[in-house]
Amino acid sequence: MPELDAIDRKILSSLQTDSRLTMQELADKVGLSVSPCHRRVKLLEERGVISRYIATVDQKALGLHVSVFISIKLARQKEEDLNRFARAISKWDEVLECYLMTGNRDYLLRVVAADLASYEIFLKTKLTRLDGIASIESSFALSQVKYSIALPV
Numbered sequence: 000m001p002e003l004d005a006i007d008r009k010i011l012s013s014l015q016t017d018s019r020l021t022m023q024e025l026a027d028k029v030g031l032s033v034s035p036c037h038r039r040v041k042l043l044e045e046r047g048v049i050s051r052y053i054a055t056v057d058q059k060a061l062g063l064h065v066s067v068f069i070s071i072k073l074a075r076q077k078e079e080d081l082n083r084f085a086r087a088i089s090k091w092d093e094v095l096e097c098y099l100m101t102g103n104r105d106y107l108l109r110v111v112a113a114d115l116a117s118y119e120i121f122l123k124t125k126l127t128r129l130d131g132i133a134s135i136e137s138s139f140a141l142s143q144v145k146y147s148i149a150l151p152v
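Heads up: the sequence shown begins at 0 in numbering that gives the first Met the number 0, then just goes up one per residue.
The set of hints was computed from the structure by calculation and includes no laboratory data. Please note that the accuracy of each hint is not assured.
Computed Cβ-Cβ distance ranges for the label pairs, DEER-style [unchecked claim]:
1. I6 with L99: 29 to 39 Å
2. D27 with G47: 19 to 29 Å
3. A85 with I148: 19 to 29 Å
4. R75 with R109: 19 to 29 Å
5. L129 with D27: 43 to 53 Å
6. S12 with E119: 16 to 26 Å
7. H37 with R75: 20 to 30 Å
8. S117 with Q143: 16 to 26 Å
9. L20 with L99: 33 to 43 Å
10. E24 with K90: 31 to 41 Å
11. A140 with I6: 33 to 43 Å
12. T101 with D130: 29 to 39 Å
The calculated EDC-like cross-link candidates involving lysine to aspartate or glutamate, where the alpha carbons are at most 16 Å apart (straight line), are [claimed, not checked]:
13. K123 with E93
14. K72 with E136
15. K123 with E136
16. K59 with D114
17. K145 with E24
18. K77 with D130
19. K59 with D27
20. K28 with D17
21. K125 with D92
22. K9 with D27
23. K125 with E93
24. K28 with E45
25. K9 with E44
26. K9 with E24
27. K41 with D7
28. K72 with D130
29. K28 with D57
Each residue gets a CB set at the ideal place from its N, CA and C atoms; glycine is no exception.
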């Protein structure tokens, strides 16, 4: 993959801030005319540098006031067990992020819920019903200090 130049980085930074910019607005921001700017954006998309365009929705505006970070330890760390766990949680809308980890725990999940009762339902009806989980440790976020989906470019 060819290296990103300064203009590519400006394009990425601008689109991460506001993906609804028109091509003219983006071109003006990065110092290009529309056609070369459009070509660069298309190339970034084709190379997979830009993977999608999304709207960021406020979690609390949807009534999802609880954020929970869950550490999961599996009974066994065999590939089939890891894959089974990953397939199961990938279907659950409450799970926003899931990472396979090193260290004492196998997975770290970020889950959202409307309230503690909703989280309890998620825990009892979904997570604890999965075979192969040795332990579940939940940590509740008190407040969000920083949140960003923009990568440093």
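Go through the numbered hints given earlier and state which of them the structure violates, listing their numbers in rising order.
Of the numbered hints given earlier, those the structure breaks are 6, 7, 12, 17, 19, 24 and 29, listed in rising order.
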